[in-house]
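Asks: Chain by chain, the residues:
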Amino acid sequence: MPTETDIITGDRKTDRGFQTPEVWAKITGKAIYGIDLKLPGMLYGKILRSPHPHARIMGVDLEQARRMPGVRAALAGDELSCKPFGMVYKDELPLAIDRVRYIGDEVAAVAAIDEKIALKALEAINVDYELLPAVFDTEEAMAPGAPQLHDQHPGNLAWQRELTRGNPEAAFKTADLVVEGSFSVPQVHAAYLEPICCVADYDPYGGLTLHTAVQSPDIVRELVADVLDLPVSKVRIIGPVMGGGFGGRVYGNLKVYIISSLLAIRCGRPVRMQLTRQEEFIAGRPMIAAKIRAKLALNQDGTILARAVDLITDNGAYSAQAPWVSKTLSERNDSVYRIPNIRTTVRLVCTNKVPTGQYRAYGNQVGNFAMESLLDMAAKKLGLDPLELRLKNCVKKGEVTVHGLRINSCALSDCLQAAADEIGWHKRKPGRGYGISAAIHAGGSLVFDKNMRGASAYARLEYDGRVTLFSGEQDYGQGTHATFILIAARALGIEPDQIIIYSRDTLTSPFSIGALAMRQTTIGGKAIQLAAEKLREKIAQTAAEMLGEPVVMEGGRVRSATGKTLELSEIAADYRFQTSGLSITGEGKYVPSESAYDDTGYGNIAVAYSFAAHTAEVEVDRETGEVKIIRIVAAHDSGRILNLISARGQVYGGVTQGLGYSCQEGYLFDGGRVLNDSLADYRIPTALDVPDIMPIFIEQDDPEGPFGAKGLGEIVMVPVLGAVANAVADALGIRVTDLPITAERVYQAIVEWECEQ
Amino acid sequence: MQKEQICFTLNGETIEVYTDPTISLLRLLRDELGLTGTKEGCGEGECGACTVILDGMAVNSCLVPAGKAKNRSVLTIESLAKGDKYHPLQEAFVEKGAVQCGFCSPGMIMSAYALLQESSEPTSIEIRTAISGNLCRCSGYKQIEEAVLSAAEKLKNRGESG
Amino acid sequence: MSYQVVSNLEQVLSALKNRGENSRIIAGGTDLFLEKLPEKLLDISALAEALVIEERGGTMLIGAAVTHARAVASPLLAKKVKALTEACAQVGSPQVRNLGTLGGNVINAAPAADAAVALAALGAKAELIHYSGNTRTVEIEELYAGFNCSAIDSCQELLLRFVVNSSDSGSGSAFARLAARKSLALPLANAAAWLRVEHNCLQEVRLVVAPVKPAPTRLFKTESLLVGRPLIAESWREAAGAAMDEVEVRGSLLRCSADYRRHLIGVLVGRVLETAAGRALTAKGEA
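Protein chains in written order, with this note's numbering: chain A, 595 to 1351; chain B, 3 to 164; chain C, 594 to 880.
I should point out that these hints are in silico values taken from the structure, not numbers from a laboratory.
You may find that some hints are simply not true.
Distance ranges between label pairs, derived from CB positions [what the hints assert, rightly or not]:
no. : chain 1 : residue 1 : chain 2 : residue 2 : range
1   : B       : LYS84     : A       : VAL1185   : 49 to 55 Å
2   : B       : ASN13     : A       : PRO634    : 24 to 30 Å
3   : C       : ALA738    : B       : ASN159    : 42 to 48 Å
Just so it is clear, CB atoms sit at the ideal spot from N, CA and C, and this is done for glycine as well.
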């Protein structure tokens, strides 16, 4: 494979940029998002939620609400005959029956001719609750005698895992140094700016159509069909433009789709249901909270010998994907370095709090915070430079990691070096703290869905010579579609502006498991490449038959050996005539060559692995505890960068989300009640909070990804947390081990340290 | 609340609407006038997605009672492009990659528009301050800052004001 | 008419008089949708008498309908009442500052309203007019009836403007706050100081912090400790300590603990005193 290395820095700003024409609709206000959609006769749906963290439902009285003028339907759980559903466990119902398990649990729903009437109708519903004891802390939930949430999870244990690789006990015994730490991370919300909204439309002939923007429409379609007992082919999802996702909208909020569908079926009219920002926070699906106890064994020279992790994650009331997130969180960072011995225990614990889901990077960033903190603690004790310690242990191309990941391309040590050089690692300014952190992320995880690990796409030559791509991969702003068009343009040898892509309708798009697991470019893009190559081949074949001699396709037309040329439109027209109306199409199916993993999870779980190293420069106000981030350098190996303008955008945006995670965000609870349930109090970064961020791309071709590319969208936020935590510790000489690192936390750490001295 | 006649200038055109004056300007624009370019991210003045220009000032239309628009001028994102001629801010937002999901873009552009009315050569910190009431979850704001700088440059070269 | 943009004082008072309890005055209206709507609204944001920013015979007149943005942009306010400029610059967001008014900042009665804290430190007094025509002039702190509850009944009385004595030479003011992020955030704590310097010593001090009580809180003990003190770091350090002793703060799970808030108030008190003293010296030409 090519070994050419090309370093792009953030200073090369405008070249290699392509965007789909949809961007013009977005900046003129013409783009139709989910919340903008209106259908004739549309009703407004609202959900009545439990005010109690744990209670028995003794009765739901809908009569008064049903009698209100303008109300078209009111529903409660006991009159529905829906199956329980869930991604991992069947633990949720569309509307609660018998019990509610968190403040926000869906109890009843109404549809009315306008939103005001719907809200009034909710007030008219009487629910008789019998309060049950509730539990909010994971350790308390595991204790004997604790209130139990689900019969299927005795002891409130939703999932657990014990894993040993190598011989960690021996390694910890013989190591020169063992460092340990306890870390905690709260629930965080993806906080996409457009609240989830769905317009459900049902007609008995055509079936159910959901107008809603989700990252994974095909999976949502199958889940909704299953819960409502409809044939899958009678459920169609049409996606409006999506106002952000970041993993939080992979399945969005399934209850919204299901409840609006139930109301639409009941009323025979379209029903629009939009979550309020408060509902997003109290009843959305934030990323799980975690308590991590971890230790690391090293030799005096800095060689890492073993790592042990005891992880407790907070499932909340229902599981969604919490088990899978917990798994990634517990182990992904083991593969950044050569660590031969591993001991991992994970307990995912049910509590009477908001149910959890997934968020960009799937927990990898949380594990990164703990792992990279420990590494710096070890470096300090060993008297080693944190950069040298990482360079010494980091994984390299050709290696197989402790969990069986096969590293076919890797520029991690280059990333470490570049991030350190750019921040001035060896030219430090007095009074400032510097931190570094490294990461791996699976690009195109193969373990996500048993039924499919690859992707497919179609490319169709239109009669005017332009090309339309059909893909199931969703673009919610991350630039996937622009990248796909660039890939197809390259494969076809035509200009990108001759290509459009269509993905937003389950009726016409090929199946996809969704915009998740950093699989879009690596897997979805590969399918596009294969489809475009197939189309090119078929165009040439058709043209050769037309001309009766061999041809080549170049520069958007076909040329024969004797110099005859054909425009693509001519070829398309001839094919249409010959076939009585068909178009030339190329089918691309990318089936990754292997995805073997055993019962312990050992194996090569992804097509390719992306790498990154971030450095942070900070100042800490020792009086107030305020952390001022001066600069972040983000060095990335995502293989060949196909669209620099959106790659830069992914880095700036992902690092910013990581900074929010590090220093500002996180759920605050009073018992089971979410205290910061607004965008005022849930503090995502504003323009004034974000420091200078410097993206660096170390380009090396990956042997598998399309044109050498690997994924980028998730790994961008992984190393930020560790880099910031380490920089703060470097500035203060004191380590904060709980996120977010707020001014108050820093102040408390200083006070505690002073008390100890 | 009773409905009443409200006369105001919307995107340069004088219009008269019959509406409840205590609903928000955002509701009036989106639900009654069909101008859905102005977005609603929170409805509580905490995200800036609904930013419009009221008599030259950027405001959260979700916090403005419709009655306040009476005899005043309101500009929304729909006013910026003239036919297929885009405003320099719109061009710059595209050229610099300042648009990802795009949900914050209309409000963000209107805040930047208000800034460029006041200041023809804004500094980075002035730009960041001017958009500090507009949350963006996608971009990290960097390419937005670059776009506003570039738009200011374009306007200067064309000898126009925002 | 149920929503009226009023243009003269007469109109406001007669409207209040005729309409009883279902009408109320609003200005910026930024918090209007967060509460239950009254039936009739009187919008005073265009009322000339409530829009003044001027100095008359050693007194600053600042209209209650002046927006935070206008206050920030006023060179006169920056020169005479810098603490107010600094406070207004940190309220909410640019959009909220364009709508929200100084009067609204006080009448909303939020316990840590930045402008209200600065006004109190500046010794501002509020001028109110009842629909009966009676007027009264009271201190900022008297306008609070409880947490988030104003003593002004906007169905009966109009807060017209604030008056601040601006005749003292050798005086300076400053405001500081700390919040969990740099925009769109309420402060964890804020502090404002006004002081007058003679012969390099403090002659008069007003020190106000929040959130402590429902109203901006004067630190009388700390103020009296400072009078006569020289303008040196030790004075500010002592004042910080005294302020921490003097305040009884409450913590909240949402914002921060009582301990941290107390500590912050100490730090901010030291900082605003030092800055205000520097400004007083500059004003006197002694810097």
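Asks: Give a verdict on every hint.
Replies: For each hint, the structure was consulted:
1. LYS84(B) x VAL1185(A): 49 to 55 Å: Between LYS84(B) and VAL1185(A), where Cβ atoms are some 50 Å apart, the hint holds.
2. ASN13(B) x PRO634(A): 24 to 30 Å: With a Cβ separation near 26 Å, ASN13(B) and PRO634(A) satisfy 24 to 30 Å, so the hint holds.
3. ALA738(C) x ASN159(B): 42 to 48 Å: Roughly 57 Å apart at Cβ, these two residues miss the hinted range, so it is violated.
When held up to the earlier numbered hints, the structure conflicts with hint 3 and nothing else.
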